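**Student:** Read top to bottom, the protein sequences are chains V and R. If you're matching positions, the first sequence starts at 1 in the UniProt record's numbering and goes up one per residue. If you're matching positions, the second sequence starts at 1 in the UniProt record's numbering and goes up one per residue.
One or more of the hints may lead you astray.
Derived EDC-like pairs: lysine to aspartate or glutamate, alpha-carbon spacing no greater than 20 Å straight-line [what the hints assert, rightly or not]:
| id | chain 1 | residue 1 | chain 2 | residue 2 |
| --- | --- | --- | --- | --- |
| 1 | R | K342 | V | D106 |
| 2 | V | K227 | R | D29 |
| 3 | R | K342 | V | E155 |
| 4 | R | K55 | R | D165 |
| 5 | V | K23 | V | D263 |
| 6 | V | K287 | R | D429 |
| 7 | V | K227 | R | D74 |
| 8 | R | K227 | V | D106 |
Hints listed in this document are in silico derivations from the structure and should not be mistaken for laboratory results. Model, not experiment: these values are computed from the prediction.
Number of protein chains: 2
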Amino acid sequence: MPQFLSISDADFESRFTALLSAKREDSPDVDDVVAGIIRDVRARGDAAVIELTTKFDRMELTPETLRFSEAEIDAHCAAVPAAERQALELAAERIRAYHVRQVPQDAFWTDPDGASLGWRWSAVSAAGLYVPGGLASYPSSVLMNAIPAKVAGVERLAICVPTPDGKANPLVLLAARLSGVDEVYRIGGAQAIAALAYGTESIAPVDKITGPGNAFVAAAKRRVFGKVGIDMIAGPSEILVIADGDNDPDWLALDLLSQAEHDESAQSILITDSPELASAVTEAVEKRLETLERRVIAGASWRDFGAVIIVDDMDQAAALSNRIAPEHLELCVADPQALSEKCIHAGAIFLGAWTPEAIGDYVGGPNHVLPTARSARFSSGLSVMDFIKRTTLAQMTPAALAAIGPAAETLATSESLEAHGLSVRARLDRLNRH
Amino acid sequence: MPQFLSISDADFESRFTALLSAKREDSPDVDDVVAGIIRDVRARGDAAVIELTTKFDRMELTPETLRFSEAEIDAHCAAVPAAERQALELAAERIRAYHVRQVPQDAFWTDPDGASLGWRWSAVSAAGLYVPGGLASYPSSVLMNAIPAKVAGVERLAICVPTPDGKANPLVLLAARLSGVDEVYRIGGAQAIAALAYGTESIAPVDKITGPGNAFVAAAKRRVFGKVGIDMIAGPSEILVIADGDNDPDWLALDLLSQAEHDESAQSILITDSPELASAVTEAVEKRLETLERRVIAGASWRDFGAVIIVDDMDQAAALSNRIAPEHLELCVADPQALSEKCIHAGAIFLGAWTPEAIGDYVGGPNHVLPTARSARFSSGLSVMDFIKRTTLAQMTPAALAAIGPAAETLATSESLEAHGLSVRARLDRLNRH
Numbered sequence: 001m002p003q004f005l006s007i008s009d010a011d012f013e014s015r016f017t018a019l020l021s022a023k024r025e026d027s028p029d030v031d032d033v034v035a036g037i038i039r040d041v042r043a044r045g046d047a048a049v050i051e052l053t054t055k056f057d058r059m060e061l062t063p064e065t066l067r068f069s070e071a072e073i074d075a076h077c078a079a080v081p082a083a084e085r086q087a088l089e090l091a092a093e094r095i096r097a098y099h100v101r102q103v104p105q106d107a108f109w110t111d112p113d114g115a116s117l118g119w120r121w122s123a124v125s126a127a128g129l130y131v132p133g134g135l136a137s138y139p140s141s142v143l144m145n146a147i148p149a150k151v152a153g154v155e156r157l158a159i160c161v162p163t164p165d166g167k168a169n170p171l172v173l174l175a176a177r178l179s180g181v182d183e184v185y186r187i188g189g190a191q192a193i194a195a196l197a198y199g200t201e202s203i204a205p206v207d208k209i210t211g212p213g214n215a216f217v218a219a220a221k222r223r224v225f226g227k228v229g230i231d232m233i234a235g236p237s238e239i240l241v242i243a244d245g246d247n248d249p250d251w252l253a254l255d256l257l258s259q260a261e262h263d264e265s266a267q268s269i270l271i272t273d274s275p276e277l278a279s280a281v282t283e284a285v286e287k288r289l290e291t292l293e294r295r296v297i298a299g300a301s302w303r304d305f306g307a308v309i310i311v312d313d314m315d316q317a318a319a320l321s322n323r324i325a326p327e328h329l330e331l332c333v334a335d336p337q338a339l340s341e342k343c344i345h346a347g348a349i350f351l352g353a354w355t356p357e358a359i360g361d362y363v364g365g366p367n368h369v370l371p372t373a374r375s376a377r378f379s380s381g382l383s384v385m386d387f388i389k390r391t392t393l394a395q396m397t398p399a400a401l402a403a404i405g406p407a408a409e410t411l412a413t414s415e416s417l418e419a420h421g422l423s424v425r426a427r428l429d430r431l432n433r434h
Numbered sequence: 001m002p003q004f005l006s007i008s009d010a011d012f013e014s015r016f017t018a019l020l021s022a023k024r025e026d027s028p029d030v031d032d033v034v035a036g037i038i039r040d041v042r043a044r045g046d047a048a049v050i051e052l053t054t055k056f057d058r059m060e061l062t063p064e065t066l067r068f069s070e071a072e073i074d075a076h077c078a079a080v081p082a083a084e085r086q087a088l089e090l091a092a093e094r095i096r097a098y099h100v101r102q103v104p105q106d107a108f109w110t111d112p113d114g115a116s117l118g119w120r121w122s123a124v125s126a127a128g129l130y131v132p133g134g135l136a137s138y139p140s141s142v143l144m145n146a147i148p149a150k151v152a153g154v155e156r157l158a159i160c161v162p163t164p165d166g167k168a169n170p171l172v173l174l175a176a177r178l179s180g181v182d183e184v185y186r187i188g189g190a191q192a193i194a195a196l197a198y199g200t201e202s203i204a205p206v207d208k209i210t211g212p213g214n215a216f217v218a219a220a221k222r223r224v225f226g227k228v229g230i231d232m233i234a235g236p237s238e239i240l241v242i243a244d245g246d247n248d249p250d251w252l253a254l255d256l257l258s259q260a261e262h263d264e265s266a267q268s269i270l271i272t273d274s275p276e277l278a279s280a281v282t283e284a285v286e287k288r289l290e291t292l293e294r295r296v297i298a299g300a301s302w303r304d305f306g307a308v309i310i311v312d313d314m315d316q317a318a319a320l321s322n323r324i325a326p327e328h329l330e331l332c333v334a335d336p337q338a339l340s341e342k343c344i345h346a347g348a349i350f351l352g353a354w355t356p357e358a359i360g361d362y363v364g365g366p367n368h369v370l371p372t373a374r375s376a377r378f379s380s381g382l383s384v385m386d387f388i389k390r391t392t393l394a395q396m397t398p399a400a401l402a403a404i405g406p407a408a409e410t411l412a413t414s415e416s417l418e419a420h421g422l423s424v425r426a427r428l429d430r431l432n433r434h
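Extracted from the complex, chain V is given alone in its bound form:
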């Protein structure tokens, strides 16, 4: 059974705080192993990557077969059934349409002092996307990472996806093709991250690496950060459902379970002002858990980390939501727009009971790579912004420099940075001589 809390209980604050700070994941300390793998790939390039792939993925590669050929990708794509192809195409189209709107504008203007100022956005030249192999090899994640990169204008987009025992996921390859990915390598683990960051004879280095992965991949991403950019290190998935009494308990149960089935460390929380709905939803969860394919995983997550919280009103619900800062937030209430304006710390909000979170995982359009573990307090989901960067622009005229230069000189002097001040003074002196 999940935890039950009521905001009117005397021990609510201490129990809610404990819920917020519960450690849900024990990351194994693989940092030393990963450091060794990165050193090895830097020193020996392809040879190291090939040896490590033999060891971990039980398959023999050569520098020529590290990368999927176009013909191989064609063959895999042709094997995808029509219904799945069409679903993937619809998802790609909708994700692209959403992300195109994120591309920000350049700016350049002249202010009253005559100084021209602005900025210009440009894309990262080359990006690498990690895609896990095996059970958690999700074609939807390929779309969610690759499409924003291509919309941003990344020229060269490489994917690494391990194929243990040589088994490739055709949907992953089709998703790569639909997203415009340029290169697909059948390698994984820390060796793939090292190859993307530092390059090998066969794999050119990239500037930015994104995508989910296991503890080895996460540790490798942390280690290569600085040499290249990385996206967030994602923790286990979370959902918070805020619901009033006017809801179908089974719908909400399935929404809670759709996070719980990801991972035993996932967390599903229901906040409601209706004790009756709370009971009905927990009963519906138990009933669904009797037959759900992933009932062992979902059941463990719900039992160990699930929670049901009773509040007096929806303002209290919003306040608790802001403390939780959930990755996914469903608002199943009469006026979800109004409530959403009070929920300022959340990765993604799903408005109304007709918007199950699963829509956002696949075809809604917004990204499904979202901040976990309360980091929505200070960070955002993946977007076009992760694949572009801003160069600021400034252009003075002699008159503009005359207007604002003396203040720069004064501040440089106060900071004891003489050359800074002199670089302005030398120019001002030229003006004064004329």
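Could you slot chain R onto chain V? The hints should help.
**Tutor:** Just chain R now, with coordinates in the frame of chain V:
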């Protein structure tokens, strides 16, 4: 003497690659010390912070005196001479005017399937800004960090600035006041970062920490990342000046020295198509180094890391600039706008010889916190964006769910995530029953 390279030399490529990969900074490994300090502050709060301040800053604090009182800040601000106050006010006003333009728009639209989609930006609730004490205590950095935070809408902005031996920098306090900073603490080092991230009895925790600092501060920021957001870990400063023959060598020499004087690890590079200008600038640097106050630091930087590169034309200059991805890029050429469009990897571009980089450090308007060590390939300078985050929004109608839900169900099934599919199917079944 700096290095001289010519693009027509046979060994150019290997020497340029070596220049790019030269290690300019040996960070001492202080990670264990910092881990201990963070543990101590988490365990003992104020008491640990006070003891560590006694040890490192040679001053006795109490929980009541950790924070500057308003009266103390008033008294320090009153001590600032009028010229410096006015310069700081001009800088604050110009930085604010620039950053106000960075605030992005929210969006919400309805697409042809009837799905309403969008996003909403919101500010980080509380941010902490680290300001070094002693020699590198720069009031301009307070403005550059605090103003974007306040423009973003951060409600609570705290500063930590150590005051070794009790000596405060009045300009730093005035800059904090002009920026709208809410709390100023006289603490520094890893203990200040730990207090901001985890909170103590007297200091409430924040959600995001920015600002420069020494190796201890940098290591502490890395360690608390995840618990809170952080900005970049900055390396030593850099400038690249691209100049044609029609320039005053002394101006360019001073621009190169204004980076070199920051730090012996700073790097100043000149690229020109004029061998005559190259000689004249190096002579001018030597002449200025005879009298410059910080000539020991600037001279070491120029000797160890400075470089002069001769190219045949400005397209070559732009291509080399993109490989360097400089923090600061000055374009002292006839048509700087045109050349700037070819320079896509740079933190900040200064257009034309009347725009010395020092203008950007103080009063230009754009931020002076910029990506170093080639990270302009994948990251941007500090901005309003660092203090806000995006929540994505999605709202289906029954008709929209009927249109796109089946594709989500198909993809969920293909990823073996049954509850995801069922959460959509349960709603579609309701529609089908009507």
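**Student:** When the hints from earlier in the document are held up against this structure, which numbers fail?
**Tutor:** As far as the earlier hints go, 7, 8 are violated by this structure, in ascending order.
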